[in-house]
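Can you build the whole structure from these sequences, using the hints too?
For any residue, its number in my numbering is found by taking its place in the sequence shown, counting from 1, and adding 1495.
If you are wondering where the hints come from, they were derived from the structure by calculation, not from laboratory data. Do not rely on the hints blindly, as some may be mistaken.
As the list claims (entries may be wrong) - Quick list of in silico lysine-lysine cross-link-like pairs, DSBU-like style, CA-CA up to 30 Å:
#1 Lys1923 / Lys1972
#2 Lys1554 / Lys1575
#3 Lys1972 / Lys2015
Stated by the list, open to error - Cβ-Cβ distance ranges computed for the label pairs, FRET-style:
#4 Lys1997 / Arg1635: 55 to 63 Å
#5 Gly1718 / Arg1551: 29 to 37 Å
#6 Arg1734 / Ser1891: 17 to 25 Å
#7 Ser1801 / Gln1908: 40 to 48 Å
#8 Ala1681 / Asp1810: 50 to 58 Å
#9 Ala1626 / Ser1801: 54 to 62 Å
#10 His1829 / Val2029: 13 to 21 Å
#11 His1717 / Arg1550: 32 to 40 Å
#12 Tyr1708 / Thr1737: 23 to 31 Å
#13 Arg1550 / Lys1623: 19 to 27 Å
#14 Pro1670 / Ser1891: 33 to 41 Å
#15 Phe1502 / Asp1810: 34 to 42 Å
#16 Leu1621 / Gln1577: 42 to 50 Å
#17 His1717 / Thr1943: 51 to 59 Å
Bear in mind that the values here come from a model prediction, so they are computed numbers and not experimental data. All C-beta atoms, glycine included, are put in the ideal place defined by N, C-alpha and C.
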Amino acid sequence: SSGRTSFYEQYGVIRDVLQNHLTEALMFLTMELPANVSRTEEVLQCKLEAFQSLRRLEKTSAVLGQYQAYAHQVQEELQKAQDYISTTPTFAGVLIQSDSLRWEGVPFLLASGKALDERVGYVRVLFKNQAYCAQRETLRDAGHSQCKAKQIIFYIGHGALNTPAVLVSRNLFRPVMPKDSWREAAGQSDVHVFGQPLSDYYVYSPVKERDAYSVLISNIYHGRKDFFITTENLMASWRFWTPLLSSISHQPLRLYPGGVENQHLLDFEMVSGEVAFTVAEPVELLNPKRQMPSDYKTVQSKYRESPLVSAWSEDLISQLASDIEKTASRTVAHSGQFHLALSGGSSPVVLFQRLARHHYAFPWKHTHIWLVDERCVPLTDTESNFFSLHSHLLQSVRVPYFNIHPMPVHLNQRLCVEEDRGTELYTKEIMALVANASFDLVLLGVGTDGHTASLFPRSETGLEGAQTVVLTESPVKPHQRMSLSLPLINRARQVFVLVLGKGKHEITTLLSRVGHQPRKWPISGVSPSSGQLVWYVDYEALLG
1496 SSGRTSFYEQ YGVIRDVLQN HLTEALMFLT MELPANVSRT EEVLQCKLEA
1546 FQSLRRLEKT SAVLGQYQAY AHQVQEELQK AQDYISTTPT FAGVLIQSDS
1596 LRWEGVPFLL ASGKALDERV GYVRVLFKNQ AYCAQRETLR DAGHSQCKAK
1646 QIIFYIGHGA LNTPAVLVSR NLFRPVMPKD SWREAAGQSD VHVFGQPLSD
1696 YYVYSPVKER DAYSVLISNI YHGRKDFFIT TENLMASWRF WTPLLSSISH
1746 QPLRLYPGGV ENQHLLDFEM VSGEVAFTVA EPVELLNPKR QMPSDYKTVQ
1796 SKYRESPLVS AWSEDLISQL ASDIEKTASR TVAHSGQFHL ALSGGSSPVV
1846 LFQRLARHHY AFPWKHTHIW LVDERCVPLT DTESNFFSLH SHLLQSVRVP
1896 YFNIHPMPVH LNQRLCVEED RGTELYTKEI MALVANASFD LVLLGVGTDG
1946 HTASLFPRSE TGLEGAQTVV LTESPVKPHQ RMSLSLPLIN RARQVFVLVL
1996 GKGKHEITTL LSRVGHQPRK WPISGVSPSS GQLVWYVDYE ALLG
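Below, the structure is given as structure tokens:
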């Protein structure tokens, strides 16, 4: 809208509407009902708990658009140059999920935009329909047929009704509303809401409609803090939205013409915990100035004399997840179980999320999960590799509890004390369960100093010798670590090494030129004696 362009160009649709208004509506919808709804502190606490149960948003949790006239509007009103390109989204659709038991598996979609084909505000709760009806549709009675849509709609304003209202499907239940503030309205059959005539709903409207600012001032006057945002809730909101805002700052926006001409351009769908537009962007709407990543192919097929897979990071992670699944399925078909050893650090997090959301055929039931290395902190500590593995993968897949093998770093209420023999315990567990102590697949990363697992340059233990599990010292906190040794890693049937990001370009270039020098660069000592080593390196790490 004219006059707000300066504000809007700085903030965009997510900060303008989703982070505050729609998030607040989401909290009221998903929070547990406090024991005493008139106690402000209890209401605020329940809202905060609802926040804390929301899953972290990823780049793939959102679709973004910008209406075509917006760029010209910005150039004109803000006196920008003709070649100025605005990256501000004017439309966003975001998929949110909660880990609370009540809402597990229920998707929440938040959407808002400018230049859409209608102005309307609502919260719509659509129930799953388990019924099958043998009756033809024209004979179905709204009050009794279980095949008609079941929904509750909190209608905020504008749109077909143009007034606040609460609508409940007649085949769901008859709501009980406070008589002094809500009255039942007649449902006209000529007005349709979400594809159904108004007569299919119980409709309630306010006895006295009040201006929004009158309600606001009244709540201030009566000290109703539960209708406002506390600092704690505000901080929780920004903690939730900021990672998404950072990850989409350079994401291409879908251009749309505005109004009825949008047709299906902004329709989006949910697939495996992600959202995507349902139709391809028409060629004539693509911005010729928009820079798309060049689609060049793998530069070389070998790295350090081993196979190399290289792509943009998202495609690389997708390929790696598929290769792990294929290896798992093949191994289970051959030997009945799959022993997978996983590394900690930041790089595998996106891989864990990919495996959790997209690989429903993965033979988790027959998979044993081992740790390549662990920090000497309690497993409940956010610094723990196991904590990260649990948060991003294990809690979302069905691995039998007794197939999960965390490293025993916390014994006798102390951490990594040699006389507690944690390394011996883990070694015995590996020897007992893993044939020939040969893992089917070990996933490694590489540090900027050339370390891998928790084996660091010039490490006193783990680079050679007979030990299979060792305690090591890291140059960065937390210093104490437990790690599989290099000789044990080299007994694996397959080793995949994942390297992501520009920050790894220097070490990637250096490693391409050096030979077998594990004392200097432990990763250079990874060479499975009778297995295969494959490098998965993204373009940024490979080419800078």
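| Beta-carbon spacing of Pro1670 to Ser1891 - inside the hinted bounds 33 to 41 Å or not | holds (35 Å)
| said: Holds or violated: the 54 to 62 Å window for the beta-carbon distance between Ala1626 and Ser1801? | reply: This hint holds: roughly 56 Å between Cβ atoms.
| field | Asp1810 and Phe1502 - C-beta distance against the hinted 34 to 42 Å | value | The hint (34 to 42 Å, Cβ to Cβ) holds, given that Phe1502 and Asp1810 are roughly 37 Å apart.
| Does 50 to 58 Å hold as the CB distance between Ala1681 and Asp1810, or does it fail? | holds (56 Å)
| request: Sort out whether Lys1972 lies within 30 Å of Lys1923, counting only the CA atoms. | output: holds (28 Å)
| query | So does Lys1997 sit 55 to 63 Å from Arg1635, Cβ to Cβ? | reply | holds (59 Å)
| Regarding Gly1718 and Arg1551, is the given constraint of 29 to 37 Å on their beta-carbon distance met? | At 35 Å between Cβs, range holds.
| query | Given a hinted range of 42 to 50 Å, is it respected by the beta-carbon distance of Leu1621 and Gln1577? | reply | Holds, at about 45 Å.
| query | Lying within 17 to 25 Å: is that true of the beta-carbon distance Arg1734 to Ser1891? | reply | holds (21 Å)
| message | Please verify whether Lys1554 and Lys1575 have alpha carbons no more than 30 Å apart. | response | holds (29 Å)
| request: Assess, step by step, whether the Cα of Lys1972 is no farther than 30 Å from the Cα of Lys2015, and give holds or violated. | output: holds (21 Å)
| Do His1717 and Arg1550 keep their Cβ atoms within the hinted range of 32 to 40 Å? | holds (35 Å)
Of the numbered hints stated above, none is contradicted by the structure.
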